[in-house]
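S.K.: According to full-length UniProt numbering, the sequence shown is numbered sequentially starting from 1.
Note that these hints are calculated values from the structure, not bench results. Misleading hints may appear alongside valid ones.
[As the list claims (entries may be wrong)] Beta-carbon label-pair distances, calculated as ranges: (1) D93 - G71: 47 to 53 Å; (2) L102 - P73: 37 to 43 Å; (3) P80 - V33: 33 to 39 Å; (4) P73 - I19: 34 to 40 Å; (5) R86 - A18: 28 to 34 Å; (6) G3 - G54: 19 to 25 Å; (7) P39 - H68: 22 to 28 Å; (8) L102 - S12: 32 to 38 Å; (9) P73 - L29: 17 to 23 Å; (10) R90 - P22: 41 to 47 Å.
Using N, Cα and C, we set each Cβ at its ideal position, and we do this for glycine too.
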Amino acid sequence: MTGLPKTVDVGSAEIRRAIAAPVGQIVSLVRDVLDRCPPELAGDILQRGITLTGGGALLRGIDARLRHELGVPVTVAETPLRAVVRGAGRCVDDFAALQPVLVDGHRF
1 MTGLPKTVDV
11 GSAEIRRAIA
21 APVGQIVSLV
31 RDVLDRCPPE
41 LAGDILQRGI
51 TLTGGGALLR
61 GIDARLRHEL
71 GVPVTVAETP
81 LRAVVRGAGR
91 CVDDFAALQP
101 VLVDGHRF
């Protein structure tokens with residue numbers, strides 16, 4: 001090792017292997033959340049589906065994997081990163097109305 005920077009080629013197969021475990025955890029966590037949903041909310045999700053936002057939504061194929069493994073419609077927001085900011089803004093603007101559905105410190 002020289003300590004000098006160098007270029008290393010990393011293929012998509014290597015990246016898929018590297019992120020396989022975290023993606024599997026995402027799928028498991030989403031499944032757990034769906035299992036905990038009240039029946040009326042679960043029915044709404046089964047009908048309307050899930051919209052992915054944030055950086056994780058940019059992982060190629062994550063929507064198809066969730067759709068396949070969970071059996072619910074899954075789409076990616078048109079602008080996933082901006083959607084997070086817009087959603088956070090809505091929570092701030094209408095905190096009193098949304099407080100009952102916001103996470104209350106529990107970690108999944």
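S.K.: Look at each hint and say if it fits the structure.
M.R.: Status of the hints after comparison with the structure:
no.: 1; hint: D93 - G71: 47 to 53 Å; in the structure: violated, 34 Å
no.: 2; hint: L102 - P73: 37 to 43 Å; in the structure: violated, 24 Å
no.: 3; hint: P80 - V33: 33 to 39 Å; in the structure: violated, 18 Å
no.: 4; hint: P73 - I19: 34 to 40 Å; in the structure: violated, 23 Å
no.: 5; hint: R86 - A18: 28 to 34 Å; in the structure: holds, 31 Å
no.: 6; hint: G3 - G54: 19 to 25 Å; in the structure: violated, 36 Å
no.: 7; hint: P39 - H68: 22 to 28 Å; in the structure: holds, 24 Å
no.: 8; hint: L102 - S12: 32 to 38 Å; in the structure: holds, 37 Å
no.: 9; hint: P73 - L29: 17 to 23 Å; in the structure: holds, 18 Å
no.: 10; hint: R90 - P22: 41 to 47 Å; in the structure: violated, 28 Å
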